[in-house]
Amino acid sequence: MTRVEITGIGLHPFGRFDGTSVTEMGVVAVRHALADAGIGRGGFQAAFCGAVYAGVAAGHKVLDSMGMTGMPIVDVEAGCASGGAALMLAAGAIRAGQYDTVLVYGVEKMPKGIIRSSFFEPWREQAGLAATPAYFALRAQRLMRESGVTKHHLASVVVKNRRNGVNNPDAMFRKDVTAADVLASRVVCEPLHLWMLCSPNEGAAAVVLRKGSGGGVELAAAALRSHLPGSVLGEATPMSGLATDDITPPTSLAARAAYEEAGVGPDELDVVECQDTDAARELLSYEELGLCNPGDAAKLVETGATEMTGRLPVNPSGGLLSKGEPLGASALGQVVELTRQLRGDAGPRQVEGARLALSHTVGRGANACVTIIRR
Amino acid sequence: MTRVEITGIGLHPFGRFDGTSVTEMGVVAVRHALADAGIGRGGFQAAFCGAVYAGVAAGHKVLDSMGMTGMPIVDVEAGCASGGAALMLAAGAIRAGQYDTVLVYGVEKMPKGIIRSSFFEPWREQAGLAATPAYFALRAQRLMRESGVTKHHLASVVVKNRRNGVNNPDAMFRKDVTAADVLASRVVCEPLHLWMLCSPNEGAAAVVLRKGSGGGVELAAAALRSHLPGSVLGEATPMSGLATDDITPPTSLAARAAYEEAGVGPDELDVVECQDTDAARELLSYEELGLCNPGDAAKLVETGATEMTGRLPVNPSGGLLSKGEPLGASALGQVVELTRQLRGDAGPRQVEGARLALSHTVGRGANACVTIIRR
Amino acid sequence: MTTVVRDGLFTVGDSPHLVGGRCGDCGRHHFPLLGTCPYCSSDQITRAELSRRGTLWGWTAVTAPPPGYLGDVPFGFGVVELPEGLRVITRLSHPVEHFTFGMPMHLRIVALHTDENGDDVLTYEFTPEAYDRKIVPTGEAGGGRA
Amino acid sequence: MTTVVRDGLFTVGDSPHLVGGRCGDCGRHHFPLLGTCPYCSSDQITRAELSRRGTLWGWTAVTAPPPGYLGDVPFGFGVVELPEGLRVITRLSHPVEHFTFGMPMHLRIVALHTDENGDDVLTYEFTPEAYDRKIVPTGEAGGGRA
Ligand SMILES: [Zn+2]
Ligand SMILES: [Zn+2]
Numbered sequence: 128m129t130r131v132e133i134t135g136i137g138l139h140p141f142g143r144f145d146g147t148s149v150t151e152m153g154v155v156a157v158r159h160a161l162a163d164a165g166i167g168r169g170g171f172q173a174a175f176c177g178a179v180y181a182g183v184a185a186g187h188k189v190l191d192s193m194g195m196t197g198m199p200i201v202d203v204e205a206g207c208a209s210g211g212a213a214l215m216l217a218a219g220a221i222r223a224g225q226y227d228t229v230l231v232y233g234v235e236k237m238p239k240g241i242i243r244s245s246f247f248e249p250w251r252e253q254a255g256l257a258a259t260p261a262y263f264a265l266r267a268q269r270l271m272r273e274s275g276v277t278k279h280h281l282a283s284v285v286v287k288n289r290r291n292g293v294n295n296p297d298a299m300f301r302k303d304v305t306a307a308d309v310l311a312s313r314v315v316c317e318p319l320h321l322w323m324l325c326s327p328n329e330g331a332a333a334v335v336l337r338k339g340s341g342g343g344v345e346l347a348a349a350a351l352r353s354h355l356p357g358s359v360l361g362e363a364t365p366m367s368g369l370a371t372d373d374i375t376p377p378t379s380l381a382a383r384a385a386y387e388e389a390g391v392g393p394d395e396l397d398v399v400e401c402q403d404t405d406a407a408r409e410l411l412s413y414e415e416l417g418l419c420n421p422g423d424a425a426k427l428v429e430t431g432a433t434e435m436t437g438r439l440p441v442n443p444s445g446g447l448l449s450k451g452e453p454l455g456a457s458a459l460g461q462v463v464e465l466t467r468q469l470r471g472d473a474g475p476r477q478v479e480g481a482r483l484a485l486s487h488t489v490g491r492g493a494n495a496c497v498t499i500i501r502r
Numbered sequence: 128m129t130r131v132e133i134t135g136i137g138l139h140p141f142g143r144f145d146g147t148s149v150t151e152m153g154v155v156a157v158r159h160a161l162a163d164a165g166i167g168r169g170g171f172q173a174a175f176c177g178a179v180y181a182g183v184a185a186g187h188k189v190l191d192s193m194g195m196t197g198m199p200i201v202d203v204e205a206g207c208a209s210g211g212a213a214l215m216l217a218a219g220a221i222r223a224g225q226y227d228t229v230l231v232y233g234v235e236k237m238p239k240g241i242i243r244s245s246f247f248e249p250w251r252e253q254a255g256l257a258a259t260p261a262y263f264a265l266r267a268q269r270l271m272r273e274s275g276v277t278k279h280h281l282a283s284v285v286v287k288n289r290r291n292g293v294n295n296p297d298a299m300f301r302k303d304v305t306a307a308d309v310l311a312s313r314v315v316c317e318p319l320h321l322w323m324l325c326s327p328n329e330g331a332a333a334v335v336l337r338k339g340s341g342g343g344v345e346l347a348a349a350a351l352r353s354h355l356p357g358s359v360l361g362e363a364t365p366m367s368g369l370a371t372d373d374i375t376p377p378t379s380l381a382a383r384a385a386y387e388e389a390g391v392g393p394d395e396l397d398v399v400e401c402q403d404t405d406a407a408r409e410l411l412s413y414e415e416l417g418l419c420n421p422g423d424a425a426k427l428v429e430t431g432a433t434e435m436t437g438r439l440p441v442n443p444s445g446g447l448l449s450k451g452e453p454l455g456a457s458a459l460g461q462v463v464e465l466t467r468q469l470r471g472d473a474g475p476r477q478v479e480g481a482r483l484a485l486s487h488t489v490g491r492g493a494n495a496c497v498t499i500i501r502r
Numbered sequence: 029m030t031t032v033v034r035d036g037l038f039t040v041g042d043s044p045h046l047v048g049g050r051c052g053d054c055g056r057h058h059f060p061l062l063g064t065c066p067y068c069s070s071d072q073i074t075r076a077e078l079s080r081r082g083t084l085w086g087w088t089a090v091t092a093p094p095p096g097y098l099g100d101v102p103f104g105f106g107v108v109e110l111p112e113g114l115r116v117i118t119r120l121s122h123p124v125e126h127f128t129f130g131m132p133m134h135l136r137i138v139a140l141h142t143d144e145n146g147d148d149v150l151t152y153e154f155t156p157e158a159y160d161r162k163i164v165p166t167g168e169a170g171g172g173r174a
Numbered sequence: 029m030t031t032v033v034r035d036g037l038f039t040v041g042d043s044p045h046l047v048g049g050r051c052g053d054c055g056r057h058h059f060p061l062l063g064t065c066p067y068c069s070s071d072q073i074t075r076a077e078l079s080r081r082g083t084l085w086g087w088t089a090v091t092a093p094p095p096g097y098l099g100d101v102p103f104g105f106g107v108v109e110l111p112e113g114l115r116v117i118t119r120l121s122h123p124v125e126h127f128t129f130g131m132p133m134h135l136r137i138v139a140l141h142t143d144e145n146g147d148d149v150l151t152y153e154f155t156p157e158a159y160d161r162k163i164v165p166t167g168e169a170g171g172g173r174a
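Residue numbers (our numbering), protein chains in the order written: chain A, 128 to 502; chain B, 128 to 502; chain C, 29 to 174; chain D, 29 to 174.
Keep in mind the hints are simulated off the structure, nothing from the lab.
Just so you know, these numbers come straight off a predicted model, no measurement behind them.
For glycine and all other residues, C-beta sits at the position ideal for the given N, C-alpha and C.
Please note that a few of the clues may not be correct.
[What the hints assert, rightly or not] Simulated coverage check for chain B against chain A, where a stretch passes if three residues somewhere in it have a Cβ under 8 Å from a Cβ of chain A:
1. 177 to 184
2. 204 to 217
3. 309 to 321
4. 351 to 365
[Said to hold, decoys possible] SDA-like, lysine to any residue: derived pairs with alpha carbons at most 20 Å apart:
5. K239(A) - G182(B)
6. K239(B) - G182(A)
7. K338(A) - G182(B)
8. K338(B) - A223(A)
9. K338(A) - M128(B)
10. K239(B) - T91(D)
11. K338(B) - E252(A)
12. K338(B) - G182(A)
[Claimed, not checked] Some chain B residues near chain C, calculated using beta-carbon distances under 8 Å:
13. V154
14. G167
15. R168
16. S192
17. M193
18. G194
19. M195
Take these sequences, add in the hints, and give me the full structure.
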């Protein structure tokens with residue numbers, strides 16, 4: 128099979144940038160990624176852009192304003208997994224022999240506050256059922272019941288990610304917090320406090336993929352999966368589901384496919400970036416990604432394994448809890464972070480000797496994407 | 128190279144369906160396409176959905192409400208070419224060996240009236256420059272100047288397409304019109320009268336692609352291209368462009384790529400479905416697709432070559448002028464029509480003996496997609 | 029006068045029911061009623077009035093008005109498991125501090141808010157068996173284990 | 029008082045200009061001023077006040093208010109070619125019936141509408157040299173050849 132390599136990465140910081148358009152943020156990320164790959168106009172034959180709320184032609188506007196159009200440009204939407212979906216399509220097209228080099232980028236400028244989207248039907252909104260954080264809260268409550276997770280475990284995830292974020296100049300929040308601070312923040316939906324939830328925000332990320340010649344960082348797998356029918360608290364948030372806990376979640380489906388594609392297992396990973404929409408979502412991801420056995424998320428966090436000093440650091444970038452979540456860009460932001468880690472370029476947040484890394488996003492659709500990179 | 132075949136087609140009629148959600152329309156099209164392909168749940172390994180204004184997770188909602196999720200589902204946006212882009216990605220993934228069978232569909236429920244989109248910046252809207260039909264009018268005026276096209280040629284395109292649409296039960300407008308009727312309709316933007324413009328509307332279309340075993344209808348090419356920098360009246364509608372007429376339009380870029388991929392030339396085509404957003408756009412497409420020489424669009428239409436009785440019928444379905452334009456679905460609607468033509472299933476609008484067909488969409492982004500199918 | 033948040037979601041009266049569907053092929057139930065089975069794709073669906081009684085599977089309280097919601101906050105929100113093998117997303121009566129996993133719950137129809145015609149807009153919620161027909165005090169929500 | 033539809037689009041006064049950019053690498057002009065050349069991607073851009081005079085390349089009339097537009101209809105709309113090698117999308121003075129291809133045009137600054145503060149909102153348009161400073165009658169538009 129054709130080897131696909133990551134030859135360029137670029138980022139526009141994640142945060143709030145009132146005077147900056149989503150297009151301008153995209154230009155910054157793309158410019159950095161192309162410079163990093165050592166290519167310019169004509170150096171890539173196709174472009175895939177992850178975007179959710181950025182409007183029509185979001186990806187085109189970025190390349191249009193750089194005078195770089197002409198090739199196929201496709202905007203891709205798969206909720207929080209949009210950037211991962213774009214990466215998967217780009218890698219597939221390279222493997223199909225369609226292109227040698229593809230630009231993949233993601234852009235977002237989320238509206239402030241709770242997102243009003245067409246995802247919910249009008250009656251659900253009117254009945255108060257379009258309460259996104261309440262679904263997260265119920266998921267957290269069930270995890271607490273089934274995996275021995277307490278509010279202190281949830282707080283410790285926030286403390287870990289915020290501490291990591293202090294060392295990430297591209298993050299939105301860069302202050303250390305204590306568990307007491309987290310538990311003192313306002314309750315949004317019991318058991319979730321405000322600081323346990325990530326902030327939708329703005330940013331852009333870009334990655335250049337190339338048909339590989341060996342060496343460098345390899346994109347070993349990029350797998351996207353949607354939810355299976357029947358799960359009432361799956362990210363698809365249906366109005367009803369089956370009374371069973373045996374429905375495999377989309378994250379596990381994508382993880383299995385990615386491990387198989389890369390020919391590796393979770394015990395071989397050196398570093399992970401995973402979806403921490405809320406603190407419980409990170410712990411659930413540990414179980415769904417196979418980083419621990421089902422029901423052992425609390426135990427894993429207690430061992431300190433996922434701290435920077437542990438055996439498998441998770442979210443060295445600070446995660447979405449520090450960076451915020453610009454939907455179209457967040458998955459590629461993880462890949463940018465992990466490429467830095469594998470290159471040994473992560474500075475004060477470097478995971479020493481990292482050679483195999485996994486990134487994970489999951490959200491509306493439902494969609495989950497798992498990417499594995501290695502050097 | 129792997130042969131990719133079209134093994135199923137399905138359509139929800141194009142029109143206005145007030146009580147029907149965009150998801151329900153998608154279900155109708157997908158159900159028909161799967162039945163036509165003789166597959167059900169588990170019969171396809173990935174799904175690509177073209178959608179522009181249908182909101183987040185548009186494609187997912189269709190499969191979710193059919194209990195058919197689990198595989199990768201990607202929503203794809205490339206303006207009027209969205210369905211073509213989805214088709215290109217699906218064919219690429221099959222050729223890459225990722226999947227054997229892929230479901231491709233497009234859905235749309237356009238708001239009534241002029242579309243307010245984020246495409247234009249606020250100041251352009253405020254200054255009255257977000258006047259989409261005015262761009263079409265200027266393009267028509269330049270074509271009239273350069274290719275000897277008159278308003279009577281424009282009216283004759285409308286008369287042809289509306290006459291074809293009479294025989295298409297899936298079209299929105301099914302009444303014969305005369306050139307006098309067309310020219311008596313209100314001027315929207317000189318030289319374009321109301322009846323020379325297609326209506327944004329609602330609908331869905333679906334196509335099943337399969338790794339081919341020979342026989343059946345082959346997807347010989349699906350090429351997507353964006354605009355080159357510098358054209359002031361290109362579908363990207365920039366605020367300024369270069370004072371030159373030598374910039375190759377995206378339709379020509381996509382057509383050249385598609386002819387090369389399929390190994391055929393425009394003179395071998397038996398039937399064409401092309402983008403007739405307005406009557407002048409169809410004539411311009413004749414030139415850009417190489418159906419005639421540059422400057423000869425008026426002559427081609429005068430010979431009657433593109434009538435049902437001519438040597439190369441264009442828009443036997445009635446075109447967008449009869450069907451209306453549901454952005455995410457329109458490109459796949461063309462492919463559904465052409466597959467019927469190649470199967471000999473087009474009833475009273477059958478082009479006898481059609482074996483090689485081309486479909487073409489172009490619009491915002493800018494993007495153009497050209498697809499070639501054959502049996 | 030009253031109106032409903034969506035036609036066909038539930039029946040009203042002394043003994044209200046949620047209106048779902050039962051699949052003739054796989055036998056499973058869903059809610060609201062759809063034309064296609066959301067588990068097996070069959071279109072062999074018959075209308076089914078679902079049990080009024082179920083058990084509590086999860087709960088929280090919504091403290092800020094979600095998009096498009098015009099009623100009061102806080103309100104209870106959770107999942108009730110019905111004997112048909114179905115888990116249903118639902119509003120819950122508030123307060124929620126005495127809720128427990130598996131607690132018996134039953135359906136009632138309540139007013140959300142008053143619409144522009146002065147009509148009460150009705151929706152469904154579940155409430156603990158013990159709470160029904162009693163006036164309950166409002167208070168802070170508490171769904172998780174600290 | 030007056031305000032402008034967007035800062036930095038044009039200069040005002042007796043001799044107004046559109047404000048574009050000139051690329052230090054490829055030498056081409058663009059409008060409005062950007063940080064990146066839209067033809068060659070260079071960031072070597074210098075601000076350039078564009079010629080006030082150009083020629084008419086295309087025209088029509090907008091008869092219904094486009095989205096977000098608060099001014100009067102109909103109004104002229106078209107493309108003017110400037111000596112810098114640039115074609116610019118622009119409002120045109122109305123009526124348009126005497127317009128011809130290549131007709132000399134020049135820039136002027138006009139009021140679009142009055143905003144919520146009572147200020148006139150200014151934008152740019154082009155008008156035939158011959159029309160300037162004259163009051164012109166309104167009438168039907170006619171951009172094409174029938
Ligand atoms: Zn069923
Ligand atoms: Zn330049």
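A quick look at each hint next to the structure:
Residues of the segment 177 to 184 of chain B with a Cβ under 8 Å from some Cβ of chain A number 7, which satisfies the need for three, so the listed coverage holds. As drawn, the segment 204 to 217 of chain B meets chain A at 6 residues by the rule of a beta-carbon pair under 8 Å; at three or more, the given contact holds. Figure legend: the segment 309 to 321 of chain B, annotated as covered by chain A; annotation inconsistent (0 residues with Cβ-Cβ distances under 8 Å, at least 3 required). For a cut-off of 8 Å, the count of residues in the segment 351 to 365 of chain B with a CB near a CB of chain A stands at 8, and the three-residue condition holds.
The hinted pair formed by K239(A) and G182(B) meets the criterion: a straight-line CA distance of about 18 Å does not exceed 20 Å. Straight-line distance between C-alpha atoms of K239(B) and G182(A) comes to about 18 Å, which keeps the hinted pair within the 20 Å bound. Proximity of K338(A) to G182(B) is assessed by CA-CA distance (about 34 Å); at most 20 Å being required, the pair is judged violated. Between K338(B) and A223(A), the direct Cα distance comes to roughly 13 Å. Compliance with the 20 Å bound is thereby established for this hinted pair.
The suggested pairing of K338(A) with M128(B) holds, with an alpha-carbon distance near 18 Å, which does not exceed 20 Å. Straight-line distance between C-alpha atoms of K239(B) and T91(D) comes to about 18 Å, which keeps the hinted pair within the 20 Å bound. Distance check on the hinted pair: K338(B) and E252(A) sit about 43 Å apart at the alpha-carbon level, beyond 20 Å; violated. A distance of roughly 34 Å separates the Cα atoms of K338(B) and G182(A); the hinted pair therefore is violated under the 20 Å criterion.
The restraint placing V154(B) at the interface with chain C holds, with a minimum CB-CB distance near 7 Å, inside the 8 Å limit. This hint holds: G167(B) has a C-beta 7 Å from the nearest C-beta of chain C, less than the 8 Å allowed. Because the beta carbon of R168(B) sits about 5 Å from the nearest beta carbon in chain C, less than 8 Å, this interface hint is met. Contact between S192(B) and chain C, as hinted, is supported at the beta carbon level, the nearest pair being about 6 Å apart and thus within 8 Å.
A least Cβ separation of about 5 Å between M193(B) and chain C falls short of the 8 Å threshold, and the interface hint therefore holds. With a least beta-carbon distance of about 5 Å to chain C, the hint placing G194(B) at the interface is held under the 8 Å criterion. Hint status for M195(B): holds, given a least beta-carbon distance of 6 Å to chain C, under 8 Å.
Violated hints, in rising order: 3, 7, 11 and 12; the structure is consistent with all others.
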